[in-house]
Amino acid sequence: MLLITCPHCGPREESEFSCGGEAHIARPLAENNLTDAEFADYLFLRDNPKGMFLERWRHAAGCRRWFNMARDTVTHEIVEIYPMGNTPKSKAGKAAHADSWRRDTAAEAAAKPASKSRSKQGG
Amino acid sequence: MATDQPDRGLRGLPGGKQKYSAFALAKKAMNYHQDWQCAWRDAPPQSEYDVVVIGGGGHGLATAYYLAAVHGIKRVAVIEKGWLGGGNTGRNTTIIRSNYLWDESAAIYEHAMKLWEGMSQDLNFNVMFSQRGVLTIAHSEHELREMSRRVHAIRLNGIDSDILGPKEIKDFVPIINIDQNIRYPVMGGFLQKRGGTARHDAVAWGYARAADDLGVDIIQNCEVTGLRRNGRRIVGVETSRGFIKTRKVGCVVAGHSSVMAAMADIRLPLASRPLQALVSEPIKPVLDTVIMSNAVHMYISQSDKGEMVLGAGVDKYNSYAQRGSFPVPEHMIAAAVELFPVLSRLRMLRHWGGIVDTCPDASPIISKTDVDGLYFNCGWGTGGFKATPGSGHVFADLIANDRPNSIAAPYALDRFQTGLLIDEHGAAGVAH
Amino acid sequence: MASTANKGSRAPGRTALSGKTKQTIATPDGGRVGLAITELSHLGKINLRGGDDILPAVKKHTGCSNLPENNRTVQIGERTLIWLAPDEFLVLCEAGEEAGLHSQLMLDLGKVHAAVTNVTDALCALSLRGQALRKVLAKGCALDLHPSVFTAGMCAQTILSHAAVTLVAVSDDQFTLICRTSFAAYVHDWLMDAGLEYGVSFKG
Amino acid sequence: MSGTSLFGRGKKDQVSRAASGGRVDRARPLTFTFDGKSYQGYEGDTLASALLANNIHLVGRSFKYHRPRGIIAVGSEEPNALVRVGRGAKAEPNLRATQVELYDGLYAESQNRFPSLKFDIGAVNSILQRFFPAGFYYKTFMWPASMWMTYEHVIRNAAGLGKVADDHNDPDRYEKTNAHCDVLIAGGGVAGLMAALQAGRSGARVILADEQNEFGGWLLGESDTTIDGKTPADWVAGVVAELEAMPEVTLLPRTTVFGYMDHNYITLTERVTDHLGERPVHLPRQRMWKVRAGQTVLAQGAHERPLVFSGNDLPGVMLSGAVRSYINRYGVVPGNRTVVFTNNDDAYRTALALHSAGANVVVVDLRRDLKGELVKAVRAAGIQVMSGSAVTIAAGTQRIARVEISPVNEGATEVLDDPIHMDCDLLAMSGGLTPAVHLHSQARGKLGWDEQLLCFKPTTVHEASFNAGAGNGVFAADKAIENGMQAGTAAARAAGFDIADGSAPEVAAPAQSWRPLAAWKVTNGMGEGEGPKAFVDYQNDVTASDVKLAVREGYQSVEHVKRYTTLGMATDQGKTSNINGLAILAESLGNEIPQVGTTTFRMPYTPSGFGAIAGRDIGDLFDPVRLTRMDDWHRANGATFEHVGQWMRAWYYPKDGETLREAVDREVLAARTTAGLLDASTLGKIDIQGPDAAEFLNRLYTNSWLKLGIGKCRYGLMLKDDGMVMDDGVTTRLGENHFHMTTTTGGAAGVLDWMEEWLQTEWPELKVYLTSVTEEWSVATLSGPNAGKILKAAGVDISLDPVDFPFMAMREAHIAGLPVRIFRISFTGELSYEINIRARHGLALWTHLMKAGAEFGITPYGTEAMHVLRAEKGFIIVGQETDGSVTPQDLGMDWIVSKVKPDYIGKRALDRASMAADNRKQLVGLRTKERKQVIPEGAHAVLDPNQPMPMDMLGQVTSSYYSPNVGSSIAMAMLKGGRALMGGTVYLPMLDGSVIEAEVVEPIFYDPKGERING
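Residue numbers (this note's numbering), protein chains in the order written: chain A, 2 to 124; chain B, 311 to 742; chain C, 3 to 206; chain D, 482 to 1496.
Read the hints as simulated data drawn from the structure, not as lab findings.
Below, computed lysine-lysine pairings styled on DSBU-like, alpha-carbon distance capped at 30 Å:
1. LYS90/A x LYS626/B
2. LYS92/A x LYS927/D
3. LYS599/D x LYS615/B
4. LYS391/B x LYS51/A
5. LYS678/B x LYS51/A
6. LYS1201/D x LYS1248/D
Here are some chain A residues pointing at chain D (derived, C-beta under 10 Å):
7. LEU4
8. GLU14
9. GLU32
10. ALA41
11. TYR43
12. ARG57
13. ILE79
14. GLY86
For glycine and all other residues, C-beta sits at the position ideal for the given N, C-alpha and C.
Use the sequences and the hints to build the structure in full.
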């Protein structure tokens, strides 16, 4: 039973939130010409680390705002909560972001040249 | 799907181990049970095996057993980090059924059902497979329609399924509340009479004993630390007890599949989530079947010991902690009391959590990988226990022949690239 | 607080709880009523979305010199601004005034990126009063409702049992509860049952 | 009534009650019934103490062997004394007599026996127990296979414990509540009280919970201890008074802390009125607390361990500390000729207490070298002490009658000399103390083995938590009180409060060593497994031999032993058996206890009532029911309802005993011949505002939205990112930057969340605001050739001429002076107006239209008729034709998928090669050969109905109705390669073995050219 500090509303019970799974997934556009297999990485593959995990949450029963969270999937420690569109600042969060295989996917590569952010990182 | 009886291979204990029977019990009682053999040897790891199965749960042990019993592969090791059956095998609500909607699912679960039906005799170990029926309740017009779809499909797949009305349900389950004015009235249900429950630990122990009898080495307290490859070919496993050479590795490590896959640089489309269950204190029998309800999100049965066994769906976020969130049991219990008011004065005795690996389509992976000789069997979500024998049987076949049979083929990893999913999500609601 | 300006008679039509019976269930041991529930019939409600540039228009029509901070309300006379989210507020106004207020805000916010939506009939507002108020709410709400924590002037969107609600602390023993009208019957029934322990009344 | 005194003891005859002493109120006698006989106890008794006062030790039967069992403990660790309390709907099984507070009229029965407690047929198992070792059931009952269900039936009936209530509707109320505090203290013994006092004095918000009816814990049962010169009870009273005076301290007696979850989320069960004979109706029986605590202090105390020796389960064999508590706290002397059997000092206090109470006492101590103050005191009292000796066998039938005492070696594994025999009626045993570390362990705290105390105790914590007192391995009262004080201080400080250290109260108690002798299984001098059994787990009948058998058979992990033998799996959750079992396992494996490890403790600490966990989330409050504003009218006019998500919708309006089919036929005909009226208020409605609103819709829907004119409506299909249909609805442009979207009833919340997600996480650059207005508008859909006439009759103030008000347009208007928005959209194919009005006027609008339409025969129709009408036109319903695996192309709706937009949600997924496969399921119509025959929805189609099982199925019928307008049945189906089957025949095998034959047709059955849309 997590106690989550909503960046806007303060600490609230886990039951007020919904979890949106892995954060920082670049969404490919139809025009990106990814192969079906590369597109499948975006559609189906989700990181599933044992340890630090960067994920998206929404304060569903409160302000309805999305935010990012760095959470340990073993200890359930919440290391960092940070806004959509940002990357983590904590050491553990940064490492989790940098080390994820997601950084090497075709979808992410395709998303980068576009100056407008097209990723689930938000703008 | 396959209708033929699955090849059950060598049955009983051809290796010559002491057999279990009422007679044996009586005989051993004479000297106070002092000379019962070990159910399985505590084998030290040898330097090389034909096949190494990683994971000593029900699926892994069944795989090893069928490798030996059906395919005659005797140099097989099962490597387990902790103790046999310590993962989801010993943490589920023991429900067995094969009344699935999609043909691919019906095929593998029915394959398993047929193996369940002879398991105690095959293994000479009473796994207490109790075909007391699994009754799924519909609480709305929408659910009645879904139920009809499901029952028609199940029946045309040659699997038993009967539709019951509220009155028949009440006769079958006297403690159920069929008042039509409640929030989720019991409007109907469908029953698989061949469904039921089994004693979960016994499944692991029974397979372990029978596999051991056929020469399989069962190695507990041995952690895999790496998968050694030569190019794209597996050549062995690194373990906490040394390197073991092998050209075939079957990974069956529910709850840790992603971690194991990462050792071979493979990514699996899995999410590891807690699945919670609980039991009440034991009471005299009041519920002699299994009841499932998607709308109120709960399933329940009464164990032979008398405990009411309750489960529900998986928790909402990833975790490897074998612990879930309190609203899940809270709701599960409210739903049980709503459906069976008499349970109000019972008490929760034990509560626990497992870690289930779930695929985006809520169907498992039984597959070869990009690495030659490395096979994965995972992603069973909440359906793992009931599939145990079928899963082990087809996985053994895949490993032995290096190609999937018709039952396993739809469960290959490449479905996530093509998008040809076996989408039990849409239809499953509450899985288990 | 606009809750005191219950001018239902000026706005005809039914409310979410028109069909519920007025009743008082006092405790048998002393006849106490720890919670009194009153529907704030037709209390005007405008959902307002936008950034800091909505302030001038808001100020003009409500008198509020600042937008409320997170989890806070601002009340000027009969009008109250409730903070809902970083760019979202609920304006409470006198019953019957909402249509006019809606039009005026629409007009004055024409040039800025904002959304003004009349949600008077979408939401039901209840006034809750009594010594047991916080205890009753705690039965279904996981917020820390201690009077030193959830003080007068604070607000929160949260869950009451199975319903989404907005709570506004008016004083130590008075709250305004706002929920969707389709959940109003459930919230009413829930409060009447949860309040039973301390004595409860519904005054219509 | 006189019958009871003929056979039973006289009511006043509490033969084992001391003349004075204890915390019971002798001025307040209470009458209670046990197994049909009436007895008397006192206010302050538990059922257990009252039974013992009446010299009743035999109170139950064990789970497996049905052995006679008595009370062994005084608290929640009791494994044996399980009773069923109450009658009728209020009966509750499996309650521990040690925790049931006595009240006048209490009715209790023993369990798991037939026909009676003294003569139980099930006890035959006890005679045959030699054949039923641990896990015997895995080894037999396998032949013949078909017989297992029969064997199982017998096993099931023999197993289980108590019986549930006879009447099934629990009449009691249950509450649950959330709470917050700075410091939560679990356990109100001296350590917990001291911690509470410190934290309370700091000003912190404190919750102190204890499972007993009064605070004080073990010390209430000690007569040889003083605190600050006062008796423990007096000291406790003073502390409780001080705590009660603190406004921020919540005292919860009769409250068990049962769960400790992440981030200091803690669950408690308070037994509010269980102890009252007459329960006030407004109060709950029990209340669950869900507490979020800043810090916790765990002061749960310790449990005494039994000694494992032959016959240790006989009634009359009790834990030493429990015996002392019964004497000192309850004024009950549970035996006269008593043996105290121990491996440590503590039992000497019991010997003294028994001696003072007038009982004969002999002390049998496994230790050889006896020293210390307590030993001296016992010897000084003239009590015989037999050192280096053991009770090797206890014997008796339904109560202990005699013991064999033998000199034994250090570990009690060998008998050194012939036994002596001694008669007795009570044996008080003490095997050392086990800290109750359950909550600490639930909270993922670590444990370490204490070589001195022979127990596991807390080492490091995972949550914001402190351990104190006996639960922390600090057993001496003076040290425990100090430890509690320190923990309370530390917890308050950690929670941000300031408090000075203070000094702990002075405790005077006999000096004693807390170190027990390690002797885990006392030999009976016979071979392994021979002689009377020595029980480790009483309730589940697990013996020392069972543990050894498990090891012999290879079940060597502690978890395997637990599962194979059921050790620790009973309702006492192994509180008394855990360490003994581990130690015997370690011994069998030739290993050390810490290497063997311990099983993980999980929620709950003691069994916790379902009723309180469910709280009021049952019955009418199980789940909200959402009602529309026209609901009163529907009810008054006899509507039948269906649940759609949380909404209750009018399903059909039967008249004069009509069946569903008759009513729906009438409603469906009316809608096409005159006009029907549907309550469509439940459709989701989202107000969309902002300069990028059109662009947003363009990305959200598959079709194009940029050029939609103001006042115009458009149908849209929304896909998930995987290309599968997720929702549909009509969206209307109200202004340049303003749209009104409708969604399906069930999809409303999900669609709004979906849209917010894209706005916030993917397209934050889009300037769009969304607001749900579902409940703001009530919607009445008027549909049929006379719809326009009725609207006119109702007084609509705009022109309804199709030129002025074309199909797929919206107009603002007034009806009866009330402002409305009228949408000319149609889900029936008829001339149709969806009239939206502020919800307060919803009912008025509905009744007004019914009145205005009366002369035209306006007919209200429900959701079933709505389904038929749309199916006649071949319109899909998301969730009925679709199931999350259906694309627009599968539905034959390519026309709504833009080929020119660069992107929209789902576009890339639709381009996948597999989406173009010929054998995807596609939407078709079915026309039955027998034209009136209605195919059951869900039926599956095949090409060859005579093929063997499993059949090759084409797909399922998604919608199927009788259509009175067509004059035949109509059906829609999703069939593999369905488009290619057009004109062909498929077969639908029925559950009863019959087969329906049908032709595959276009999924449109009525007005295929759409000529009726303008009336």
